[in-house]
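All chains should be built: construct the whole structure from the sequences, respecting the hints.
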Amino acid sequence: MTDDDYDYDRAELRKKLDKVDEVPGSAKPNPILTVDRITRRFGGIAAVDVDHLEVQRGSITALIGPNGAGKTTFFNLLTGFDIPDRPQNGGEKPHWEFQGRSLASTSAFRVAREGMVRTFQLTKALSAMTVMDNMLLGSQEQTGEKLSRSMLWPLWRGKEKAIRAKAEDLLGRFKLLEKKDDYAGSLSGGQRKLLEMARALMSDPTMIMLDEPMAGVNPALTQSLLGHIQDLRDRGTTVLFVEHDMHMVRFISDWVIVMAEGKLVAEGKPGHVMQNQAVIDAYLGSHHDQDLGDDSVLDEDFATAVTQEDAELVKEKEALEAYADSVRAQEGDEN
Amino acid sequence: MDVGFYFSTLFTDFGSTALSVITASYVIAAIGLNIHFGFTGLLNIGQAGFVLLGAYGFAITVRFTQNFWLGVVVALVAAVLFALVLGLPTLKLRGDYLAIVTIAAAEILRLLGDNQLLAPFTGGTFGIPGSAFSKPFSALSPFPQNGLFQLGPFNYPLSEGDSWWLRIVAWGIVALSIVVSFLLVRSPWGRVLRGIREDEDAIRSLGKNVTVYKTQSLVIGGLFGAVAGIVNVLATSVSADAMGRTLTFELYTCLLLGGAATVFGPLLGTFLYWLVLVFLRDTIGFWVPSGILSQQQIPQITWIFVGVGLMLLVIFRPQGILGNKKELAFGD
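Top to bottom, those sequences are chains A and B. Sequence positions in the first sequence follow my numbering and run 1 to 335. Sequence positions in the second sequence follow my numbering and run 336 to 667.
In case anyone wonders, no lab produced these hints; they're calculated from the structure. Be aware that a few hints might be false.
Said to hold, decoys possible - The calculated lysine-lysine pairs, modelled on DSS-like cross-linking and capped at a C-alpha distance of 25 Å, are:
no.: 1; chain 1: A; residue 1: K179; chain 2: B; residue 2: K660
no.: 2; chain 1: B; residue 1: K470; chain 2: A; residue 2: K180
no.: 3; chain 1: B; residue 1: K660; chain 2: A; residue 2: K180
Stated by the list, open to error - Far from chain B by the CB rule (all over 10 Å, computed), these chain A residues:
no.: 4; residue: T39
no.: 5; residue: I83
no.: 6; residue: G90
no.: 7; residue: S107
no.: 8; residue: R110
no.: 9; residue: R118
no.: 10; residue: S203
no.: 11; residue: Q277
no.: 12; residue: E312
Where is the CB? At the ideal position from N, CA and C, for every residue including glycine.
The following block contains the structure:
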């Protein structure tokens, strides 16, 4: 898979991104995904209200934000798992395009066929199927999946072999090869994340959307996952991922998008965006610079309760000391 | 009491049940249900509706045209349309909606069949006697039209009615259905179905049109149901009340007993189900004095045992006899 437009050289890509304005909705030199006016309300609350966003081809872009910022809803909208609201008062319709093709009002499976494949925050490994079957389902090239051809096995047996070889290759890369005949349900949480990622790669997606790839993964596996994500990029897959962990974001991403309360509040290079005041306020809350050991951030009643408890403890201790003293004094008398 | 007589009756009854066209029709309908429930995870509680529709479509057409093949085509087309009508509005929704719609639709069909206004076609509550539509099928028989043939204790007509000819065809269809279902579920198509059973959204995210697959599954399982209906009424007669909710639950019992999501589960489960019924009926009839249980009460007590058996099955061996516990169990 080679693509002239794709920046296989990461330094080259970063140089291009250096010139991009660090403001929400800034234009990118070579966007793979462009989003305009996408809103989704739940009741009265706008879970997502994004005016304009571009994602650079060949980049690892992180989408961060506090809980409830609308990151996952935004993902669902982009991938066809949710439908944006119709514009009110005759406003313009939501629109987003991927590699120049509109994806608005496209169903989830078509989005995947276009080459934008996602994973889920709560992994959706097919637990009652083997790891290998999970992988084989990831391919989009098996014509035997058509009912009309399914019973004529000579028509699809050759393809099946090729897909199986590819699956074994990917499983080897993700260190799951010896598990290939196990049921996916028997894998650990981290291994399921790896399996889901490997499965998504079976179709050679142009862009992969990872929803919290690190959630529930132990630190040892996190390192290897990070490696895999960077490896993906180097092999020609643009990555957009949702994440909480700021350190991880800083470590692997080329560009960071920050969401809060459904809106884009900042964009920029990972080193810079963390210092943006809007991000600090939105992401960390306005108490971020106070030590959690400091009682002043605690609720007043709670603080009073703690003080009282402390005072009682001191009293108890004093009483015990006094008793101990009296016992010692008695013992002294007897001797 | 003559124990020898008991055993000879029991084994003769076992044999005739194992050969029975009704047993064959249950196997075929259960294979269809297995494609729905076992492989795709579609909770179809109206499989009897497909069976009844196949039976009516076939019997009414043949009754008026005396054309066997036209009857088969009408029955199959009716089942496809029924599946589409049920599936298109519900398959995009959560699984429970399909369950509600299928059970309601099957009941509607049964009540329509019983309706006196439609009696010129359906025969109303009296149904359609086998003699009205079974001639064209008997005419296809390679055996002499008249006469009986005795094989051991089993003595049936050669070609007419509940005949050897029908038995051969019915079990031939069972064999063919098993081969077809094997080829279907072992194919990449079947793999997508099993994926849908596990998690629809995951399959969507991999670029598969889940609604199309579910519709295909509903249609194919329904076709098996319609074929079962044709086979069934060729041996008996069409009667809407014989193909109601009870039939659906019997089919589920057969399927769960043998093992859902297995190719041979429906066959094994149906055999066992009928053999257990025969065993209970014969045993109770022989050993329990009629002063305690009258002849009419025996089938009822048998049903109670079957119900308890189904409960025990689901509790202690949810995957059935052939099933793999890791692949299919309830409530996990």
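Structure-based check of all given hints:
no. : hint            : verdict
1   : A:K179 / B:K660 : 19 Å, holds
2   : B:K470 / A:K180 : 56 Å, violated
3   : B:K660 / A:K180 : 19 Å, holds
4   : T39             : 23 Å, holds
5   : I83             : 13 Å, holds
6   : G90             : 29 Å, holds
7   : S107            : 8 Å, violated
8   : R110            : 8 Å, violated
9   : R118            : 5 Å, violated
10  : S203            : 6 Å, violated
11  : Q277            : 37 Å, holds
12  : E312            : 49 Å, holds
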